[in-house]
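Residue numbers (my numbering), protein chains in the order written: chain A, 1 to 638; chain B, 1 to 187; chain C, 1 to 503; chain D, 1 to 473; chain E, 1 to 105.
One or more hints might be untrue.
[To be verified] Below are the BS3-like pairs computed for lysine-lysine, each with C-alpha atoms no more than 25 Å apart in a straight line:
1. 371(C) x 29(A)
2. 289(D) x 165(B)
3. 104(E) x 348(D)
4. 572(A) x 371(C)
5. 93(E) x 289(D)
6. 22(C) x 571(A)
7. 104(E) x 165(B)
8. 494(C) x 31(A)
9. 260(D) x 22(C)
10. 371(C) x 27(A)
11. 494(C) x 82(A)
12. 348(D) x 112(B)
13. 112(B) x 34(D)
14. 494(C) x 571(A)
Bear in mind the hints are in silico, worked out from the structure with no lab data behind them.
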Amino acid sequence: MNSYAYTLLIPLIPLFVFVFVGMAEDKLKGKLGGLIGTAGLGIGTFLSYYTAYKYFIADHVAGTGYTSFKAVEVTWLHLTDKLTINLGVLIDPISVMMLVVITTVSFMVHIYSLGYMEGERGFARFYAFLSLFSFSMLGLVLATNLFQMYIFWELVGVSSFLLIGYYYEKPSAFSAAKKAFIVTRFADLGFLIGILMLSFNTGTFDFQTLTDPHGLAIASTGGAVFMGLSVITWALIFIFIGGAGKSAMFPLHIWLPDAMEGPTPVSALIHAATMVVAGVYLVARLFPVYAQGGPVALEVVAWVGAFTSLFAAVIATTQTDIKRVLAFSTMSQIGYMMLSLGVSGYGGEEGLGFMASNFHLFTHAMFKALLFLGAGAVIHAVHSNDMNEMGGLRKFLPITHLTFLIACLTIAGIPPFSGFFSKDEILVAAFHSNKILFGIEYFVAGLTAFYMFRLYYNIFWGHDRHYHHTPHEAPLVMTVPLMILAFGSIFSGFLPFHNLVTSDGLGFESHIDWMIAIPSILAGVVGIAVATVMYKTKNALPEKLSKSFSFFYRWAFHKFYIDEVYLFVTKKIIFNYISRPVAWFDRHIVDGTMNGIAGMVQFASVSIRGLQTGRVQQYGFVFLGGVVALVLIFVYLF
Amino acid sequence: MTLNDIMFYLFAGSILTFSLLTVTSRRILRSAVYLLFVLVSTAGIYFMLNYNFLAAVQLTVYAGGIIVLIIFSILLTSHVSEKAVVAPVKQQIFSALAVAAGAVLTIMTIFKFAFTPAASPAVEANIQNVGRALVSYNRDGFALPFEVISILLLAAMVGAIVLAKKEKHLEITDNQPKNNPDNSSKS
Amino acid sequence: MNILTLFIVIPVLTVIGILFTKDLKQSRLVSAIGMTAQLILSGILVYLYMTERSAGNMAPMLFTFDVLWFPALNIHYAVGVDGISVAMIALTGVVVFAGIFASWNMEFLSREFFISLILLATGVFGFFISLDLFTMFLFYEIAVIPMYLLIGIWGSGPKEYSAMKLTIMLMGGSALLMVGILGIYFYSVPEGGQLTFNVLEIAKHQIPVEMQRFLFPFTFIGFGILGALFPFHTWSPDGHASAPTAVSMLHAGVLMKLGGYGAFRVAIYLMPEAAHEQAWIFIILTTISVVYGAFGAIFQKDLKYINAYSSVSHCGLVLFAVLMMNQSAFTGAVIQMISHGLMTALFFALIGMIYGRTHTRMINEMGGLMKVIPFLGVVYVIAGLASLGLPGFSGFVAEMTIFFGAFEHIDVFHRVATILAVSSIVITAVYILRVVGILLMGPIKDHHFDHLPDANWYERLSTITLVVGITFIGVVPIWLSDMINFSLAPLMEKLASIQLPGM
Amino acid sequence: MSLIDILTMRNELLLTFMAMILLIIDLNLNHAQKSRMIPISIGLFLVVTLIGFIPQPDRTLFGGMYHTNGLVQLMKNILNIGVLIILLQSVAWLRSPANSTKISEYFFLLISTLIGMNFMISSGDFLMLYLGLELATIPIAALAAFTHFNTKSSEAGIKLLLSSALSSGILLYGISMIYGSTGSIYFDAIGASYTNVPLQVLAFIFFFTGMAFKISLVPFHLWTADVYEGAPINVTSYLSVISKGAAAFILIIVMFTVFKTLAPVYKSMIYLIAVLTMTVGNLFAMRQKNMKRFLAFSSIAQAGFILLGILGTNKMGMTSVVYFVLVYIFSNLGAFGVVAAISAKTGKENMDDYDGLYLTNPKLSLLMMLSMFSLAGIPPVAGFFGKMFLFTSAASAGYYWLVFIAVLNATISLYYYLLVIKAMFINKSENPIAAFQSDGYTKVGLMLCALGIFVLGFWSQVYEFINNLSFGI
Amino acid sequence: MIDNIPLNSFLVISTLMFFIGIYGFLIRRNLITMLMSIELILNSVNINFVVFNKFLYPNLLHGHFFSLIVIAVAASEAAVAIAIIINIYRNFKSIDVDNLDQMKF
């Protein structure tokens with residue numbers, strides 16, 4: 001126990017809210033459930049900011065690094081002789097940063113939803129789930145050990161499942177939820193195996209012990225080798241699979257676009273700002289182990305991140321559902337973060353990528369939440385997700401329009417918006433590490449600007465549509481969060497992340513490398529320019545372009561048919577080629593054998609009935625035969 | 001070869017021959033007569049062995065009693081001229097084989113065994129000795145079986161009577177009577 | 001009277017009480033009172049056990065009570081509990097309690113129904129408290145046989161077939177078991193000693209290894225059949241599918257645990273050497289059970305079949321863990337037994353309640369039920385989530401403990417088996433969510449279902465009891481795992497002391 | 001041996017007197033008064049049974065031809081109890097018009113066979129054994145054919161008589177060879193000098209098959225089913241329980257005393273026959289529809305289990321056999337009692353007729369269920385203990401595979417016992433047997449069975465008592 | 001008197017007779033003939049007893065009395081058998097054993 005023990009309340013308040021609202025769901029009238037949830041999270045947000053202040057500023061002794069320590073820890077379960085599972089609160093730079101991110105975005109979403117979800121059936125249920133999610137996510141980031149993280153990891157997964165499937169009467173919503181759950185669960189299997197391997201080899205789950213540079217995890221990397229890689233490396237790769245699942249890295253990304261079936265605030269909270277970055281957070285959390293114990297694993301992280309960012313960006317240029325565009329954009333941005341971690345070294349300047357990744361995570365949370373909430377406001381106004389059914393909304397939705405524009409500029413990396421700073425750091429880190437990766441990311445930066453503005457123009461510009469109801473600006477309760485987030489998007493770039501969140505806790509000097517920054521701004525501007533030409537006013541250019549690249553366009557539009565492949569694997573392979581034969585085998589072979597034995601007994605029973613003919617002479621014959629046989633056997637054969 | 005030997009072979013031969021005839025003759029009454037010859041020949045052997053009392057019982061009870069009973073019942077149940085139905089050849093062959101196997105095995109086994117006579121002196125089976133043993137309740141006395149056999153005979157008699165007793169008031173049916181539960185308790 | 005004996009006396013008294021009742025209302029009242037008393041008694045036992053232990057009582061078995069029954073054969077009525085049995089008894093108490101309320105409206109021959117049900121429970125309680133192999137076996141069979149009537153009379157579908165199959169297969173299992181137990185008895189002590197059935201006594205000596213090799217498969221498969229060991233599990237889907245609600249609950253929830261408990265308490269404990277030697281065969285079988293059961297469940301359409309196959313998978317995990325033969329795996333096995341017991345009982349209770357409303361168990365005939373029966377729907381989702389191993393519910397704790405225990409074996413064979421078993425968590429998710437999706441979500445498929453009533457008070461009581469159990473273990477597992485851990489000490493000592501050929 | 005010593009044979013003497021008294025009383029009754037014989041006979045028999053429980057010292061009479069000791073007396077008492085129950089259960093049948101004229105004959109014949117059995121069990125030589133055996137068989141044949149008008153009954157009688165004559169012929173041949181090779185007919189003399197030379201083994205086999213016939217061991221069992229089906233039901237239960245039990249008793253005594261030197265040979269023989277008996281009995285029982293025939297085959301299978309105890313050749317084995325027979329008497333008579341009660345009221349004897357019986361006659365159904373469970377060896381009823389101890393004794397001699405086969409067979413047997421339960425409890429019927437009240441005697445008889453089935457298992461003193469009297473090789 | 005005849009000759013005769021009796025029992029259709037076969041069997045056994053007694057153990061009369069008792073048993077057996085046979089004849093109007101298979105399987 002120490003002066004941070006109160007941090008325990010940050011996750012626990014949402015838990016209580018969840019239990020209370022969840023149980024009393026029927027009884028809560030009107031917005032009461034929502035208000036309780038929002039109030040609960042408000043307290044959490046306040047505590048988080050207080051913690052950040054206390055940790056980064058008040059308690060910090062200048063010149064020293066930021067240490068990590070456990071605010072609270074209890075034993076939850078004795079697993080094996082040497083392993084115990086603890087639950088606790090770990091305070092260190094990244095967890096505090098995440099606290100701020102999560103509570104901020106979550107709080108915004110809570111407020112926003114008061115307006116957005118108004119009048120929905122199961123309003124209280126929505127808030128209960130939101131609280132559950134907040135609890136899980138906070139528990140995840142505060143985890144003191146790998147296993148606690150896994151526990152909350154799963155809980156996050158299930159709350160995401162519940163929220164995506166919020167409109168459970170819509171089959172598509174539930175199947176999206178199911179897909180999300182199962183795909184991430186599959187990834188978690190990798191995570192679990194990784195945990196098993198790592199903990200077995202190191203004898204601990206504890207993050208502090210694991211990431212201790214002199215600890216067993218890092219020291220034992222030279223141990224047993226399997227297929228050319230050390231066990232620790234394998235373990236890290238497996239763990240990364242878990243992270244890749246939650247963070248929608250290729251090829252485990254397929255759930256994310258579908259997850260947009262959930263209510264838009266949910267998408268903003270979970271599928272943009274918080275849960276999907278859990279993978280990033282996981283790698284960041286174990287970063288010392290990755291950096292020092294498994295460089296190969298880190299390389300994998302980098303390449304997967306890079307590929308995903310490119311892949312998602314390409315798809316994003318073709319999608320018409322505005323939420324899906326945002327979803328692919330999220331994937332792409334998370335790819336950035338992963339890449340950044342992957343190219344990072346450990347300690348000081350080397351750790352630039354680590355810092356950049358977290359920085360981008362932070363800024364991304366702000367602007368992506370903003371984008372989603374903005375998109376939500378648009379959807380709220382026009383009751384459609386399809387950008388083809390929108391256009392010219394800037395007149396109807398001025399505040400939304402403005403905040404959306406800010407977000408787009410931020411994501412496009414235009415200074416002085418925050419996205420510029422964080423993305424720039426990533427590009428610098430990539431540039432110093434691997435030119436190919438840098439090249440990819442550079443191209444993606446341009447692509448990002450392009451598709452974001454394609455989206456922006458399609459919604460707010462273009463020709464006017466005739467809407468059934470005249471779209472009107474969202475109520476204050478929705479626009480205020482937009483404004484707050486816009487504020488964050490604009491200014492969070494100026495936070496001194498290089499002093500606060502670094503790979504080894506020590507700050508370092510960081511400056512903007514204009515040699516890289518200027519071309520990247522240029523890429524963003526070019527992207528915006530192209531989008532402006534193509535989409536600001538309705539013209540035939542996009543049509544032509546898509547025609548001339550029709551093959552490529554079609555593939556990208558269909559998300560490179562990954563979904564179909566998955567469908568094939570699940571429906572055909574698992575259901576029809578494994579499960580059906582198993583069921584058949586069970587009914588006919590295994591059960592058949594058992595019934596066959598019974599049948600054989602029956603058959604034997606029928607076939608010996610001839611023994612009992614009812615003729616006394618035949619009985620005598622058998623009798624005599626028995627005697628003779630016994631004599632033969634026991635007198636002469638024995 | 002003494003006269004005794006001849007007598008023995010005569011008896012032995014007649015026993016075997018008439019035994020076979022008993023079980024093969026197709027006329028039942030003749031079978032019974034052949035059986036009588038077998039029993040009488042057996043009694044002859046008993047006589048030869050000096051077991052006169054036993055031989056007498058054999059003649060009176062077996063030859064006299066049982067055969068008469070059998071003939072009586074044959075007369076009651078079949079026509080004298082009636083020829084017995086022959087069993088299927090298959091049955092005959094299989095039975096013969098099994099019986100032959102049994103006989104061969106048994107005789108082989110008997111020949112393998114060296115019977116050793118007891119050294120102690122013989123008791124003559126005269127009427128005194130037999131009578132004494134019959135009422136003796138000590139070791140080697142047979143008072144108890146003698147008493148018990150009387151119960152057996154009585155029981156057999158009662159059984160035979162009960163079975164043979166004709167019941168007039170009942171129809172001969174194939175099934176048990178289906179009684180009405182109400183009046184069964186009254187009767 | 002010894003507190004443990006009360007676990008038999010109360011059900012017997014309840015049965016006698018039911019004999020004097022006249023109609024459904026009375027008999028269910030008597031049953032409810034009896035089983036509530038039993039539940040309270042279970043609670044008291046847990047409490048007493050905890051206080052004894054914290055007071056420093058280190059005896060391997062507590063509350064022992066021993067009466068010589070058949071002196072000639074040295075058969076005793078010997079009872080005693082350690083943490084594991086206490087946990088299992090508590091589980092039984094909860095499930096039986098829930099079972100009574102789940103069958104609150106058993107109209108047809110209600111007296112007989114409750115009598116059979118409670119007799120079954122008596123057998124189970126007796127089994128768990130027994131220290132004497134003979135009485136253990138006796139109670140084992142007492143527990144099995146009422147199943148026949150319960151399924152045969154009050155079941156549905158091809159009930160006669162299922163009941164017969166179940167009974168015959170389980171009795172076939174007890175044939176194996178009988179050989180095992182008798183063999184153990186005759187080799188229980190070194191030459192010249194007084195033969196004994198008492199588990200604790202037998203454990204003090206070593207059964208000759210060559211006999212162990214012969215007896216272990218008998219004993220293990222014997223218990224394994226009840227624990228749904230592949231390929232002897234086929235009684236389970238049919239039996240569960242045909243059984244009435246409370247019976248499925250009790251059977252899957254408690255009776256199948258007799259298998260795991262017995263395999264652990266008798267087969268492994270008394271014959272560790274052979275267990276070590278032959279474990280690989282059964283690890284293969286149990287791994288198959290785990291994965292195969294899960295895959296089998298994906299394809300099913302009948303709710304009960306789905307749950308039955310899932311039971312095969314989960315109970316396979318119990319035996320799998322038992323065979324891993326280390327402390328964590330054993331702990332996991334016990335927790336898994338309890339967890340699966342509660343979960344599956346909950347499932348069957350819900351299935352019964354849903355069936356009672358919709359009169360079908362085919363998932364493709366239902367849909368969107370969440371909207372009409374939200375309470376049951378939510379509880380179903382909770383049960384599903386618990387079943388697929390969500391943290392916060394008991395299944396997670398159990399599975400994790402098992403996996404960590406299993407992973408302690410470093411050879412490739414065990415590793416591969418473990419990873420295969422671990423992979424079942426995904427397959428489980430697939431079939432659970434499939435059912436939830438089809439059954440509860442989406443639009444209401446059949447307008448007959450528009451106005452189904454939601455749960456009654458007794459249904460709520462029944463399900464909530466189980467949910468509370470599941471959640472309680474899931475949230476604070478440490479008391480349970482420590483209770484089990486402590487009780488494993490004698491077994492671990494024995495395992496540590498054995499001389500393994502070639503090790 | 002003084003005259004007073006003759007009182008040692010109190011069972012046989014009392015029964016003989018009783019039989020005589022019955023005949024004498026019967027002579028003085030007219031047609032309408034015949035039914036008075038029922039309470040008289042049962043009362044007298046009850047007295048005999050009770051007297052049997054008075055302890056008496058071990059004695060040997062008639063120079064070794066008759067001996068009695070605690071175990072023998074116990075066996076007799078067991079048989080007496082069984083007979084008492086049978087007598088109680090036969091009342092309803094006796095009162096039917098077809099039989100009411102032959103009541104005292106029925107009792108007389110039944111009692112005389114019991115006398116035979118008592119002598120057989122007490123016998124100390126082969127002559128008394130043979131005589132007892134015959135006395136226990138010939139009147140039974142008459143009883144089997146008791147119902148004149150019923151062709152099945154006559155058929156059963158002649159089948160029983162002819163088969164048993166054949167078997168006792170073979171048995172006699174065996175005895176003659178035993179006599180020829182040893183020079184004595186006394187058990188004690190033979191037991192001292194018996195060896196396993198071929199002739200003596202052959203003689204033993206001949207003797208054994210004769211006994212096997214009585215206990216209905218495969219392949220010497222074929223008469224059983226037909227006779228059981230055709231004979232009046234009380235005779236069937238007598239045959240299946242008392243006759244078989246007595247034969248099992250004397251068989252185990254003879255095996256353990258006279259032929260103990262042959263144990264290595266006969267163990268493998270019994271192994272073989274036990275497997276055959278259990279399996280064949282079960283396989284036949286599975287398909288039977290007639291309750292009597294069904295119980296016949298089931299009792300064949302049960303006989304196979306008895307062999308397991310003999311196989312143990314130790315004290316435990318003998319105890320378990322005696323105990324099993326005791327339990328078996330109650331269980332089987334419970335089943336037969338129900339069948340008899342139903343048959344006497346309705347004439348229905350088929351399993352199909354029992355459909356839905358529970359709804360109309362719950363008590364009978366429950367007793368039937370208990371009996372079936374006891375026969376199948378399901379706890380907590382006594383049959384479980386009986387079987388369990390038999391298995392234990394076989395296992396004590398190391399016959400684990402045999403035990404396994406036996407328990408598997410017990411499982412198969414459970415299948416068909418459950419069929420009966422299924423008929424009564426599960427099957428629905430268009431016209432079930434109507435509810436009826438049995439007479440007081442039957443009720444008492446059935447209650448005794450239920451009591452025995454319940455109490456014998458838990459009351460371990462019974463087992464202890466038998467165990468103290470038993471002996472092994 | 002005939003001590004010079006070997007014991008085994010008697011035994012062969014009696015054994016043959018014994019099996020002839022069994023053969024008769026197995027193949028004769030008539031119930032009475034079957035009964036007569038039984039008498040043959042018993043008679044052969046009697047010869048055994050008597051011969052053993054005479055040749056091997058003449059000091060006691062075990063075999064002699066055994067035969068005596070067997071004869072008595074045979075008589076009572078025959079009595080009951082004939083009673084039943086007559087009964088059967090009444091019922092079936094025939095004493096052919098082939099008729100007696102109402103109950104089988």
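Checklist entry - Given the hint that residue 289(D) pairs with residue 165(B), does the C-alpha gap stay at or below 25 Å? => result 33 Å, violated
Item to check | Agreement of residue 22(C) and residue 571(A) with the hint, judged by alpha carbon distance not exceeding 25 Å | outcome: Distance ~54 Å between residue 22(C) and residue 571(A) Cα, so the pair is violated.
Checklist entry - Taken at face value, is the distance from the CA of residue 27(A) to the CA of residue 371(C) at most 25 Å? => result With a Cα-Cα distance of about 17 Å, the restraint between residue 371(C) and residue 27(A) holds, given a limit of 25 Å.
Next on the checklist: Tell me if the straight-line CA distance from residue 494(C) to residue 571(A) falls inside 25 Å.
Outcome noted: 49 Å, violated
Checklist entry - Keeping to a limit of 25 Å between CA atoms, is the pair of residue 104(E) and residue 165(B) held or broken? => result 28 Å, violated
Checklist entry - Is residue 93(E) close enough to residue 289(D), meaning Cα to Cα at most 25 Å? => result 29 Å, violated
Next on the checklist: Please verify whether residue 104(E) and residue 348(D) have alpha carbons no more than 25 Å apart.
Outcome noted: Holds, because 19 Å separates the two Cα atoms, which is no more than 25 Å.
Checklist entry - Is the hinted pair residue 494(C) and residue 31(A) satisfied, with a Cα-Cα distance of at most 25 Å? => result 62 Å, violated
Checklist entry - Are residue 494(C) and residue 82(A) close enough, with their CA atoms no more than 25 Å apart? => result Cα-Cα ~20 Å, so holds.
Next on the checklist: Between the alpha carbons of residue 112(B) and residue 34(D), is the straight-line distance 25 Å or under?
Outcome noted: 60 Å, violated
Checklist entry - Regarding the pair residue 572(A) and residue 371(C), is the alpha-carbon distance no greater than 25 Å? => result Answer violated: residue 572(A) to residue 371(C) is near 31 Å, above 25 Å.
Item to check | Restraint status (C-alpha distance of residue 260(D) to residue 22(C) at most 25 Å) | outcome: 59 Å, violated
The structure fails hints 2, 4, 5, 6, 7, 8, 9, 12, 13 and 14 (numbered hints given earlier, in ascending order).
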